[in-house]
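Q: Chain by chain, the residues:
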Amino acid sequence: MRAVLATRRGKFSFGVLALFLFIAVFGALIAPQDPRASSTDVLEGPSAAHLLGTTEVGSDVLSQLLVGARVSIVVGFAAAVISAVIGAAIGIVGGYFGGWTDRAFDSLENWFLVIPQLPLMVVLARLLDPSLTVLIAVIGLTSWAGTGRIVRAQVLTLKERAFVERARALGASDRHIMRVHILPNALPLIFANTVLIVAVAILAEAALAFLGLGDPESISWGSMIEQGFEAGAPSAGAWWYVVPPGLCIALLVFAVGLFGYLFEQQVNPRLQERT
Amino acid sequence: MNTRWLAGKALTAFLTLIFVLVFNFFLFRVMGDPTSQLARLPRATPEEIRQLQAYYGLDKPLVGQFADYVADTATADLGISQKTRRPVWTEIGEALPWTLLLVGTGTLLAMVIGTWLGIVAATRRGTRTDDGLLGFSLFTYASPEYWIGIILILLFAVAIPIFPAGLQETPGSQLTGLDRVLDIGEHLVLPATAMTLMLLGQYFVIMRSSMVDVLTEDFVTVKRATGLPWARVVRGHAVPNALLPLVTLSAIQFGIVMGGAVTIETIFSWPGLGELSYQAINDKDFPVLQGTFLVFSVAVILLNFLADCLYFFLDPRVQAP
Amino acid sequence: MSLLEIEGLEVRHRGQPIVAGVDLAVEPGEALGLAGESGCGKTTTALAIMKLLPPALEPSGTITLRPPGTDEPVRIDRRTERGMQLVRWRHVSLVFQGAMNALDPVQRVDRQILEAIRLHEPRAGKLGGRIKELLNTVGLTSAHGRAYPHQLSGGQRQRAMIALALACRPALVIADEPTTALDVIMQAQVLELLERLRTELGLALILISHDLAVLAEACDRLAVMYAGRIVESGPAEQVFRAPQHPYTKRLLDSLPVIGGARGVADPIPGTPPDPHDPPEGCTFRPRCPYAADVCLEEPALREVASGQRAACHFAPWEPESWAVRRPGGTP
Chain H
0 MRAVLATRRG KFSFGVLALF LFIAVFGALI APQDPRASST DVLEGPSAAH LLGTTEVGSD
60 VLSQLLVGAR VSIVVGFAAA VISAVIGAAI GIVGGYFGGW TDRAFDSLEN WFLVIPQLPL
120 MVVLARLLDP SLTVLIAVIG LTSWAGTGRI VRAQVLTLKE RAFVERARAL GASDRHIMRV
180 HILPNALPLI FANTVLIVAV AILAEAALAF LGLGDPESIS WGSMIEQGFE AGAPSAGAWW
240 YVVPPGLCIA LLVFAVGLFG YLFEQQVNPR LQERT
Chain X
0 MNTRWLAGKA LTAFLTLIFV LVFNFFLFRV MGDPTSQLAR LPRATPEEIR QLQAYYGLDK
60 PLVGQFADYV ADTATADLGI SQKTRRPVWT EIGEALPWTL LLVGTGTLLA MVIGTWLGIV
120 AATRRGTRTD DGLLGFSLFT YASPEYWIGI ILILLFAVAI PIFPAGLQET PGSQLTGLDR
180 VLDIGEHLVL PATAMTLMLL GQYFVIMRSS MVDVLTEDFV TVKRATGLPW ARVVRGHAVP
240 NALLPLVTLS AIQFGIVMGG AVTIETIFSW PGLGELSYQA INDKDFPVLQ GTFLVFSVAV
300 ILLNFLADCL YFFLDPRVQA P
Chain E
0 MSLLEIEGLE VRHRGQPIVA GVDLAVEPGE ALGLAGESGC GKTTTALAIM KLLPPALEPS
60 GTITLRPPGT DEPVRIDRRT ERGMQLVRWR HVSLVFQGAM NALDPVQRVD RQILEAIRLH
120 EPRAGKLGGR IKELLNTVGL TSAHGRAYPH QLSGGQRQRA MIALALACRP ALVIADEPTT
180 ALDVIMQAQV LELLERLRTE LGLALILISH DLAVLAEACD RLAVMYAGRI VESGPAEQVF
240 RAPQHPYTKR LLDSLPVIGG ARGVADPIPG TPPDPHDPPE GCTFRPRCPY AADVCLEEPA
300 LREVASGQRA ACHFAPWEPE SWAVRRPGGT P
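First to last, the sequence lines map onto chains H, X and E. Reminder that position 221 of the first sequence reads as 220 in numbering that gives the first Met the number 0, one-by-one numbering, no gaps. Reminder that position 127 of the second sequence reads as 126 in numbering that gives the first Met the number 0, one-by-one numbering, no gaps. Reminder that position 249 of the third sequence reads as 248 in numbering that gives the first Met the number 0, one-by-one numbering, no gaps.
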């Protein structure tokens, strides 16, 4: 962690992340206006009253932007955590036991990796009634395969190490070994990979919200783009409505991706920085 | 020729296909029982529901239903669109060529440009050019593709009106032949650009990393030692070797491409499978959704297999170990 | 006139010398052995001759090549990259250390040889026969030529590499550890091959190896390198029989002798010096059992016997002196 923060890129990405986290937590408090308050200034450009202009019902874009951060980030992180748990569990169990279990899990992983992710999420989300929980579940359930694969590879090497043999010789149960010996050693890798999944999850939430499958009650960056699009903002040239949310998504994902990449360089024994 | 390897890949593709069918079946027939979905709409009467149940064969046991499903799918009977009452297959058939056009153009451009930039970055590793390109590719990866589409519209269709802001051709025009082609082409520019930008990053990163690996190989130094100019070493020997992993690794892209098709077509009202899916989402038209999901999945499986075939023909180490 | 003349070659990495002043000469048709531990600068010297050093290494000094049939001597140190492309392979070629990955994996072996020839002889006609002959010379068949590198064994790949190195009929071939990756039988075959090629084709050879036994057998002259410097040079047999530098002596001592005492040879204590922090005076001093105060002054490479040079204050050494001299000074 320290090694990552030592670099300029590390500081930059961490700084951006911290900023967005701050907005996610305090967004509602620092928003200048009620994001849902409508007014008669419909689709107006940036002005002193509305720094980022207004929506099609006169709401303040900047306020929506600040408040919307929370949903995007919460869903992104929560879905990534779920995906990490599933991926780690399957990777560890499959890698540890080997044999048919492993092969079955491997086929399952392959399948999830081949199937186009967005169409799959769309199908699942549409079948259920949209809500934040559904979103988190759908994204989490479709993103675990990458983590599963990486974890499994590491477990295969960990399995052969001396401390595992020792534990087995002492009569430890499989569950104990997996929990106490293998899991802690795989954690850095799981963490590094999960950070990258957060990036994917944020993009996924935005895409689903954009397609109208997000939680109708909440405001998120994706839903802002959706509303803007539906209201004809692009054709009307109302850039202030649709460009900032997308920019926030891009910046956040960029920072997460960069941070995750730097972290992974430190943690993955097989990757070596070639610069 | 070591066809065993290829046969193995074909088998995997086939099995994955079966799995997709099973999954699709369970998802829609069991989870999303069409009649229960329909029953939520205010118009359906109990009589209609019973008729639909019989029509869908929902009174049969599960295995029988699955057999029906497979048979139906094989004969391209994917049901009827709940919205337009036309066969799903017809809807898909009309939309498919447009998606192929968009996706094909976007992917091709992304491959060519991304690969070329990857070579440039790898041969200038560590320089500002390299860093700049890496940053650019990470940013295009991080940017939602529909957002890129919106920006393109704002810049090149609204602010500076060079290109149309949507649709695939000028509505109402009865153009034929070359005129029509040009009209479609003009409408294709912005969506294809959005798609290209979306996919560019991945191809770039993969090619760059592959080239970096190849350039450290001994045979590159040997080629240079034989007196070959560096440009020819790169072009004639490094690049061909670096392209091999690109073929397999970029197969991962195909799923992302399908997702991009959905969102980009929506932004530009491009009448392909993506736009069809978007309408189906809004209308809760499950047969259509099921159909497009199936087509997307089959496409990805097929493309993966084709990539494997291509790899087979390119790498002598696989052909004859 | 020598075929190859190296004067004052230095190769620096961030200011620190990896090769610190090397003078070498190779006569036409001669086999020169370059011996020393890993990391002493042998490969770097070879790459410098080909002007293939990575950008981080900066060479200085003069390297002159006088290929037969050319009027003007070639100043390799002054040549541009484009100029070197005419020299490389045509007049001097290099058999790389560890040929496992030295050949393009997606190109057939004969095509790679063809490409090299066409590069320097664009107007050469049909080359099928010439390539076949090249392959046969190294003990490979046309079938081997049509194969891809991964289909050949390690020894076959090594020989293909040698065939490639001979393709343009250079006057000088540098072979960097050509036998290291091979078993003893293959080793003997390759050495025999190189010797045969030398006599048949009149090739000059620079043979690089850490194995003195291999060199002593195959070479006319020997040069021993330590820490980027030549510490001894001379006719091979002479150096072998009567070494004039403690380092050479220790290298020779570590060779097992058939019929001699059974025992693992003592390795030379210590490690080669860090180029960033070289010892004062003679670079071998910290590891030399005979080091004395005078060794704090760097010894020059001077002639100590007929045709033989050494960089040691105590040279010339008589065979008995090795046992008699003790650390700390004269007995």
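Hints in this document: simulated from the structure, not taken from any laboratory. C-beta: ideal position from N, C-alpha, C; glycine also. Fair warning: there could be bad hints in the mix.
[As the list claims (entries may be wrong)] Incomplete in silico selection of chain X near chain E, CB under 10 Å:
1. Thr2
2. Glu46
3. Gln81
4. Ala224
5. Ala319
Q: The hint names X/Gln81 as touching chain E; please verify it with the least Cβ-Cβ distance against 10 Å.
A: 53 Å, violated
Q: Min Cβ distance, X/Glu46 to chain E: is it shorter than 10 Å?
A: Violated: closest Cβ of chain E sits about 68 Å from X/Glu46, beyond 10 Å.
Q: Does X/Thr2 meet its interface restraint, that is, does its C-beta lie within less than 10 Å of any C-beta in chain E?
A: 18 Å, violated
Q: Against chain E, run the beta carbon of X/Ala224 and see if the smallest gap drops under 10 Å.
A: 5 Å, holds
Q: Under the criterion of a CB-CB separation shorter than 10 Å, is X/Ala319 in contact with chain E as hinted?
A: With a closest approach of 7 Å, the X/Ala319 hint holds.
Of the numbered hints listed earlier, those contradicted by the structure are 1, 2, 3.
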